[in-house]
Amino acid sequence: MDFSRYGIRKEEFEAASSVLGREPNECELRILGVMWSEHCSYKSTKRLLRLFPNKGPKVVLGPGENAGIVDLGDGIGAAFKAESHNHPSAVAPYQGAATGVGGIIRDILALGARPVASMDGLFFGDPGHPRTAALSSGIVRGVGDYGNAVGVPTVGGKTVYDPAYNDNPLLNAFCLGFVKLDRIVSSQTARPGQAVILLGSKTGRDGIAGAAFASVELSDDSKESRPSIQIGDPFAEKMLIEACLELQEKELIVSMQDMGAAGITSSSSEIAAKSGVGMTLHFDRVPLREKDMEPWEIALSESQERMLLIAEHGKVDEIMSIAEKWELDCAVIGETFEGDGYSILFNGEEVASLPPSLICDGCPQIHWPSKLPVDLEKRRELELDDLPLPDDWNEALDALLTLPSLAPKQWIYDQYDSMVQVNTVKGPGHPVSVLRVKGRDSLVAMVFDADPWKCYLDPFRGGAETVARTARALAVAGAEPLGLTDCLNFPSPEVPEQYWVLEECVKGMAACCEAIGCPVVSGNVSLYNESPEGAILPTPVVGTVGIIPSFREYLPSGNWDEGDVLFMVGPCNTSLAGSRYLRSRNLPLSGRPLEFWGEAEKDFIQRALRTARSGAASSGRAIAGGGLAAALVKDSAESGKGAAVSLGIPTRKDVVLFGEGGARALYSVPMGKVPLFKVIWNGYPCIVLGRVGGSSLEVEDAFGFTVEELGKKWRIR
Amino acid sequence: MEENIVLRGETIMVHHVHVFIQLKDGVLDIQGKAVAHSLLSLGHSSLQSVKVGKYIQLWIESETAASAKEQASAMCDDLLVNGIIEQFRIEVEGE
Amino acid sequence: MKTAVVIFPGSNCDQDVIHAVRTTLGTEVAEVWHRENDLPSGTDLVILPGGFSYGDYLRSGAMAARSPVMKSVARHGGKGGLILGICNGFQVLTEARLLPGVLLPNRTLSFICRPCFLRVENTATPFTNRFPKGQVVQFPIAHGDGLYSLPEDELKALEDRGGVVFRYASPEGIADDNGNPNGSLNNIAGIISPEGNILGLMPHPERASEALLGGEDGCLFWQSILSFLEKGGR
Chain A
1 MDFSRYGIRK EEFEAASSVL GREPNECELR ILGVMWSEHC SYKSTKRLLR
51 LFPNKGPKVV LGPGENAGIV DLGDGIGAAF KAESHNHPSA VAPYQGAATG
101 VGGIIRDILA LGARPVASMD GLFFGDPGHP RTAALSSGIV RGVGDYGNAV
151 GVPTVGGKTV YDPAYNDNPL LNAFCLGFVK LDRIVSSQTA RPGQAVILLG
201 SKTGRDGIAG AAFASVELSD DSKESRPSIQ IGDPFAEKML IEACLELQEK
251 ELIVSMQDMG AAGITSSSSE IAAKSGVGMT LHFDRVPLRE KDMEPWEIAL
301 SESQERMLLI AEHGKVDEIM SIAEKWELDC AVIGETFEGD GYSILFNGEE
351 VASLPPSLIC DGCPQIHWPS KLPVDLEKRR ELELDDLPLP DDWNEALDAL
401 LTLPSLAPKQ WIYDQYDSMV QVNTVKGPGH PVSVLRVKGR DSLVAMVFDA
451 DPWKCYLDPF RGGAETVART ARALAVAGAE PLGLTDCLNF PSPEVPEQYW
501 VLEECVKGMA ACCEAIGCPV VSGNVSLYNE SPEGAILPTP VVGTVGIIPS
551 FREYLPSGNW DEGDVLFMVG PCNTSLAGSR YLRSRNLPLS GRPLEFWGEA
601 EKDFIQRALR TARSGAASSG RAIAGGGLAA ALVKDSAESG KGAAVSLGIP
651 TRKDVVLFGE GGARALYSVP MGKVPLFKVI WNGYPCIVLG RVGGSSLEVE
701 DAFGFTVEEL GKKWRIR
Chain B
1 MEENIVLRGE TIMVHHVHVF IQLKDGVLDI QGKAVAHSLL SLGHSSLQSV
51 KVGKYIQLWI ESETAASAKE QASAMCDDLL VNGIIEQFRI EVEGE
Chain C
1 MKTAVVIFPG SNCDQDVIHA VRTTLGTEVA EVWHRENDLP SGTDLVILPG
51 GFSYGDYLRS GAMAARSPVM KSVARHGGKG GLILGICNGF QVLTEARLLP
101 GVLLPNRTLS FICRPCFLRV ENTATPFTNR FPKGQVVQFP IAHGDGLYSL
151 PEDELKALED RGGVVFRYAS PEGIADDNGN PNGSLNNIAG IISPEGNILG
201 LMPHPERASE ALLGGEDGCL FWQSILSFLE KGGR
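Chains as they are written, first to last, in our numbering: chain A, 1 to 717; chain B, 1 to 95; chain C, 1 to 234.
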């Protein structure tokens, strides 16, 4: 039996045969080929993901479910997750992005949560590269058109440009929903003797074996595989959202699962495995869009906008009438029974029979070897003595602000409806996105961030920095981090040096999560992001969610007041390693990022929360990409106010102004609050930078621009 | 091609109808403009102009082609065409 | 004051407008599914909300305009009842020929979502009687097909009768091309029917009805309607 043509490895074939007591047939092999692909089974990364802390007092649901849930208090939870849709977006940018957004929305919906906000992580190649314009505009339009039509606001995101993504763009989609904690729909609650129901669009041949496709590197032949991409229908998804929430409201369903990769098979086998029931599916009852579909095609179709429901037989009629109201196809396609079986019947014949536990958890894990990259030391070489200070600081700042990764992204988020559902307090273009929760005082804050450059130079420190950046931004805004979701975008794990990088990144991320007490509640892994031209930078993306007790305790950025004192908290001797500044000087990616210091991060978060909650500042901004200089420019431009800044410190000016890394923030403090501010930050590095006033931002012996000029460079409304 | 389909023991004719919808002359065609601009920048210097419209196919059960055309026209009036800014042309296959 | 909000398949902003009316005025708001044949009795104001009815497929608002409920909406309007169409709702009203004109794709050929300044041109309407004439207000826009277009002679007639209620403008109130986000003719953002009871506008007043969310100019909009009805207006 040539199992390899179904993407199955030798040891996988042997494991399956051993459990079954016979060789799997062709249909079963096709099913396992997809369910045991990297994308579905996480066979290369399961043991790494166990390094993440995933418990905490605010965690209601941890990893392994459709999404994670954190407690917002008063019986309400926030369900959230991020997922990648990289390979499809490389082949068909518009549809790849659209269906990526659709897929993550359904994951949130599957828990019985109403999707209320999205964020997007976009990683594009060099702007000069021939494919970048088409890829970036297609992906942005795909995200916008789908999100806008389905009525979920896109409130924030992260956009990065780097040649490493030239042929391998990344699209990470984050979604968050609100759910009543006593109404969470689980995948573990199915019982024997219930109906298995398919709700949503008809099933066609979309994306067949797409999951296996995601586990393979892209080659020129991939462009030929266009017929198997998925097409998204946001109108159908909106109907699906309303129908599912109505079904849940009326307590008509026992369990629910979204159909993503490997459609019917993955959703049904997951419920069976998690609930500990057996399942029989009758594929001739599945509403089809195409003629003459084979059972394996029906099993693996990735037609979008479909959900799997489990319900008592007695409730089926009512479910059908609600489906009819929302103009969705709905059919009973199977039933559950006592036992550990999973069988697919088609035209009276049993075409597949596999234990659900085998499908979901039976794939042998792979322990790829790991090896230190030979050029690691070389990467970290950065001799500051060889780097002269800028001749013209204004020119240097211009070069920094026009870096594609740092430049304003208004052209992107102006295409996203960020306000529908009337919850958006602060939308895209700000360090942290903030939503209100209707009927309550508290606000929910979220941020989506990444720093692939630091991860390339030092995966452990880079991984930690990625998590830390999100927590710092939330804390400065007054939001206590409750939990995070991660998207691990990496190249092939089969190259030992690349596996080492993946491992170290995860370890660094885990170390920071532990140190600051922020658990990982959900996540996603996307491997094999490379092509003959090259591999992507190691790109963990983190989406962190926090809670602000009330609007009074929210500290915005870009809110300087005339006469305020400007403070910088945090170490001055930060690092130019992997900084945007180096890039803007056309220098290679080099240097070693700052060491991760958990205690300092934890300390910073506590003080930042106190600052926001006690109203000790007018404005606060965690220092991130572009360093202190970028923070000053953004705050000045957004406030419409100037400042006179002098850096009376021995450290090199370019390091202070453009260095990145470490827990640092820029605060604008009213004169009357300065004593309180100093008390809060007593014992933490803290310097006075200057005063807010005048019509120019002047940094002594460095750069100076009028506020009007800055407003044009940083075009924020 | 019209098709003969047997349904419930009866033979019925299904006509394949093509509907071409265009913006009326005088209505600004911004899509057409944008597409023309892109084609010219790709080097197609012989291009004079572009109009972007819609093409809809209908399969209509009907005794005659003429009747199918009439029904298609009614569908255009009812929904498919916005008479303020669009005009249409109908072709029935086999006619 | 009794409000009925029509919900089409794909409407997104129905709950938003219900929330805005309830929190600003505290008055009764009913939901009407598009397949209903009748509006609730005693309905004063019918709102067609924003969103993507039928996914904006074929033409924005085209299929919604042919929904069963639209017959009773048209009857309500014919008797002088108030009808408000916001964004997709405005598109539905033009498709249903309850308001003149058509909403074409934005001249940028892209969706635009951002805060937007409008000049209030006509304060003698049931929807704007609480605004000072010429006041500049801020309602956000979020649309892909917002370019209002009308043949030249009809456009002149519309202007002459004071049918333009809101115009896109700069923060200082200048209705020039700079202040026009989507290319609408004459910067038209919202219009009213000749009888003065049917209003359609592309910007979203329901998104500007709470200070927390960025602005409260929308509140005057709802309060104008209440004021009109309380004074016995029909």
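Be careful, since some hints might not be right.
No farther apart than 27 Å at their CA atoms in a straight line, the calculated lysine-lysine pairs in the DSS-like style are these [unchecked claim]:
#, chain 1, residue 1, chain 2, residue 2
1, A, 371, A, 507
2, A, 325, C, 2
3, C, 231, C, 2
4, A, 46, A, 202
5, A, 10, A, 55
6, A, 202, B, 33
7, A, 202, A, 371
8, A, 55, A, 507
9, C, 79, C, 2
10, B, 54, B, 24
11, B, 33, B, 54
12, A, 438, C, 71
13, A, 602, A, 507
14, C, 156, A, 325
15, B, 24, C, 231
Everything labelled a hint here was simulated from the structure, so no lab data went into it. All of these numbers come straight from a predicted model, not from anything done at the bench.
- [ ] Just pull the numbers of the violated hints for me, sorted ascending.
- [x] 4, 5, 6, 7, 12, 14, 15
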